[in-house]
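Top line first, the protein sequences correspond to chains A and B.
Using our numbering, the letters of the first sequence correspond one by one to residues 572 to 1137.
Using our numbering, the letters of the second sequence correspond one by one to residues 10 to 563.
Incorrect hints may appear among the rest.
Subject to a maximum C-alpha distance of 30 Å in a straight line, what follows is the list of computed DSSO-like cross-link-like pairs (lysine-lysine) [unchecked claim]: (1) Lys312/B <-> Lys1067/A; (2) Lys1067/A <-> Lys148/B; (3) Lys1070/A <-> Lys520/B; (4) Lys312/B <-> Lys1070/A; (5) Lys294/B <-> Lys1070/A; (6) Lys373/B <-> Lys294/B; (7) Lys520/B <-> Lys1067/A; (8) Lys815/A <-> Lys312/B; (9) Lys882/A <-> Lys312/B; (10) Lys727/A <-> Lys1067/A; (11) Lys767/A <-> Lys520/B; (12) Lys373/B <-> Lys467/B; (13) Lys896/A <-> Lys520/B; (14) Lys882/A <-> Lys520/B; (15) Lys882/A <-> Lys373/B; (16) Lys294/B <-> Lys856/A; (17) Lys148/B <-> Lys74/B; (18) Lys312/B <-> Lys856/A.
Calculated from the structure, these hints are not laboratory results.
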Amino acid sequence: MEHIRLPKVENVKLLDRISHRRRRVGTLYLTATHTIFVESEAGVRNETWVLHSLVCSVDKLAATPSGCPLLIHCKNFQVLHFIISKEQECHDIHLSLQRLSQPESYDELYCFSYKPNVDEKERRQEWDFLDLKADYSRMGLPSSLWKLSPVNQHYKVSDTYPADLFVPESATPPVIVGSSKFRSRGRFPALSYYCKDNHAAICRSSQPLSGFSARCLEDEQMLEAILRSNPCSDFMYVVDTRPKLNAIANRAAGKGYENEDNYSNIKFQFVGIENIHVMRNSQQKMLEVCELRSPSMSDFLEGLESSGWLKHIKAVLDAGIFIAKAVAEEGVSVLIHCSDGWDRTSQVCSVACVLLDPYYRTLRGFMVLIEKDWVSFGHKFSHRCKHVVGDPKEVSPIIDQLLECVWQLMEQFPCAFEFNERFLITIHNHFYSCQFGNFIGNNQRERIELRVHERTHSLWSYLWANRTDYTNPLYRPNHSQTQGLLRASTSPYSFKFWKGLYNRFDHGMHPRQSVEDYLRAIQEETQQLEEQLSSHTQAIGVTEIAENLMLAIIKQCFGACYVAAE
Amino acid sequence: MLLYIMEFAELIKTPRVDGVVLHRPFMPTVEGTLCLTGHHLILSSRQDNTEELWLLHSNIDSIEKRFVGSLGHITVKCKDLRVIQLEITGMEECLNIASSIEALSTLDLVSLMYPFFYRPMFEVIEDGWNSFLPQNAFKDLESMTDEWRLSEVNKDFSLCPSYPPLVAVPKDFDDETLKKVATFRHGGRFPVLSYYHKKNGMVMMRAGQPLTGTNGRRCKEDEKLINATLRPGKRGYIIDTRAINVAQQAKARGGGFELEANYPQWRRIHKAIERYNVLQESLIKLVEACNDQSHSMDRWLSKLEASNWQTNVKEILTTACLAAQCIDREGASVLVHGTEGTDSTLQVTSLAQIILDPGCRTVKGFQSLVEREWLQAGHPFQQRCAQSAFSNSKPRHEAPVFLLFLDCVWQILRQFPCSFEFNESFLVLLFEHAYASQFGTFLGNSAAERARLCLPEKTVSLWSWVNRPQELERLTNPLYEPNSLVIWPSVAPQSLLLWEGVFLRWNRSSKCLDEAYEEMVHIIEYNKELQTKVNSLRRQLAQLETEDPLLHTP
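Hey, can you work out the whole structure from these sequences and the hints?
As structure tokens, then:
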């Protein structure tokens, strides 16, 4: 509370983003967690709540005759343009919000003060909702080919990796440890996905410390072990997701990529996804285009092109398709890495999984996927999403790109996903909101230190409890489109601009009627009709039985009378 | 008739070739016999008679041939934007086929067109030629207002060759006045009623440009005529679909625009909708971009932008919204014109009606709109749709004016998916038939030409075919719920999408999207089915209960 210089300002104007002439007048409140704007016109109480942790930037613009403009950009792409009449008030709000939106330590985060009306037992159960081990056993693991390795217990080998990891049966602890010493941040090759039908596996790691000529016997043995765990295949792919030039540049720093001559039976491949800095700038440019006020079609298309955003989305999807095909069609295992193996590698692993396995296209499966490839494998959520004050160069919308790849696939395969766009947008919101503990910190070790499971709530059980809102009415588990590998198109014209996310708060831009809501209402009604149908059928059955019974009794009576009469 | 058939026979150098291989996107290759008839290119496979291709020659936009040894490849590019390949062995055969197709697909004579030879293989329930007579439409208007009358001043098409014989004009103006006004408007297109907004009695009129010329000619009757549509003390809007400089330049050629001094009660607004030759260029570039095989995102986006197609969609929709806004929100009457009043004018007046009038969003209402605002209103379909995006010849009067209108309707349909009784397939169907058809509906350039060609007697109307239960079922939107409100579409670039159903139709498989549509239909059908079952059980139950009062004695 000490950061709030001014808790309340009256007579504040909130401008409509598209037409500045349309404005709402009201009172602005600052609380410990939210900025609240309460519209005070016409007797309608209209409230706009903005979580401090969602605020990306606060800018005070030059004062105008009508007041002092304050522009708030949010991480969920909401933009609020306030006009505060007194310069001093605007200044106070500006300073307060700047501080409130940039926590200096994890303990200040919203998830540690967020206390919904749930008792402790239930809260603990929330964290049991997803179980990664269950997903590995769904894949058929452990098996005679892959084993759960205790090597990273207490995060001794790699402090950014999870404690539980699957490795090839033939990989001994010395091989794993040796390999880890030859990989950035100790991130040795470990299993991400295993296809039990053909034994092909997707493994992930960081780059090898090969420099210009360095070799590591254990690392070579590690890759051979991966190859051996796929008895049907005599080679494997090693996919470096970076552009070749970047990978070569890394060699000068003693890092780099695998030399095909040193590893037996590998096929090495670059797929050319750009780094976090390029992606950050690209999204920034794309958002500037979204924010243009009444742009012409050319402004928009030119801006979209020069941002390069869709080109990057296409690159990620192309890479995912390459890997999914290698696994499903060739039955070949793949090792994926980039530099550290927590950004592009996570993207590509997840996209490949979504393409390959219908399970990851269900509500629960997609949660598991994020938990597996991102949360457990140490995607640096707190750095990438700027949960706390830190190096701005660490911020990057890598996880946004995963969601967008999935959204692009949903547009191509409308019946293949159990969840809807709203599900993706809600998850996006909570990557940044810090309301739930799931994405706090940068890896599993940090989350344990922060005692996240003891102190916060889990997003996944919240989403599951509200799953009717997130279900795609067109999804049917037995639909042919739901089965097997998704054969996605990556022709440039197959990509659309995701206005549902990036122009999420510009309600005027979205379709005015929702087919999905309409179908959901119909399905609810259908369900009721099914119940009525069975109860009516039953009632008719009962009535008929009763009727027959009555007839029988009457007959008997008459029969008796007849006999008596005789 | 015999003469015609002989004429075709002369054009067909080789009527039949065996062993032709057909390649179509997203369909298996077919080998079979290629036959050329007077109106069709037919490929039927020997193995399986169902594997057939029937293509109207009039649907062929251009063909290209090349040889690899003696194997000839003919690429046939169609007006519906489909591209197919034929492989023909033997150079002579291939050349003969190519030149025959070339000749048959470029026949200029209307009376040789297929609709004159086509005999319907279906039962006509309702003759489409009589479905939308102007006198019937006027009856609806009469029920709302008595300020308008139907004039027969153009009954022999002498006053305005592009107008129908009957037009609605303000009641107090006699035919003599109309004749004077006609001399002051481009093509004789004097202001006529396009739409009456029941809610507030405001009207939309359309016309050709006023012939003011460089010395500011005026016409008192013209001024009086349009002023008569204003309520006392109210102002109206003139929407000129040309940019101000284009309108200025038109003066030098005898055209122009209404000067404020002479029309003080009207406010003139200029919007820049492109003219037909520019639109044709835009279509060609767009289709070229869609067929680009480079797979580069930058290239695609920059080509899409450079085609200006989406810009044109946005501009037309924006202008239509403006017209609708003037009528519904400002409570003002509107006069729309460009130069001739047969292209951009009709785009604006018809789209404004889709926005304002729920009746236009039904299947029949939309047909009626196309009939009134396009066919009767004199949009020169034959000229505009003579060639499409693949044409090699220099464009003369070709332009995708109607296609742009359909695209705009599709955009509104996307934004209000439950407010239209018809679906996307209906719009695609109209696009196809405007360019090549077995029906006579889109033949000719005006009502006068259609009368001269005796189309109602000699050809079948598209509406006769469409308005049968089996076709309607395919074209009806299962989500439709009548919506009596005005629907305001968003014209933000983010809201306007590329019309995949037309422009990417042959470039990508639509299987998954079709399945989604079927799934949607299934969900709705199943619900209806259950509803019927539950109702019938409910009745049965009620009956059982009344039959047996004994059962209900406690």
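Status of each hint after checking the structure:
1. Lys312/B <-> Lys1067/A: 15 Å, holds
2. Lys1067/A <-> Lys148/B: Given pair Lys1067/A, Lys148/B is violated - Cα atoms ~46 Å apart, limit 30 Å.
3. Lys1070/A <-> Lys520/B: 25 Å, holds
4. Lys312/B <-> Lys1070/A: 21 Å, holds
5. Lys294/B <-> Lys1070/A: Within the cut-off at roughly 26 Å; holds.
6. Lys373/B <-> Lys294/B: 34 Å, violated
7. Lys520/B <-> Lys1067/A: 18 Å, holds
8. Lys815/A <-> Lys312/B: 28 Å, holds
9. Lys882/A <-> Lys312/B: Holds: Lys882/A and Lys312/B sit about 15 Å apart, inside 30 Å.
10. Lys727/A <-> Lys1067/A: Violated - the C-alpha atoms of Lys1067/A and Lys727/A are around 44 Å apart, more than 30 Å.
11. Lys767/A <-> Lys520/B: 29 Å, holds
12. Lys373/B <-> Lys467/B: 23 Å, holds
13. Lys896/A <-> Lys520/B: 20 Å, holds
14. Lys882/A <-> Lys520/B: 25 Å, holds
15. Lys882/A <-> Lys373/B: 44 Å, violated
16. Lys294/B <-> Lys856/A: 27 Å, holds
17. Lys148/B <-> Lys74/B: 55 Å, violated
18. Lys312/B <-> Lys856/A: Roughly 20 Å between the alpha carbons, so the hint for Lys312/B and Lys856/A holds.
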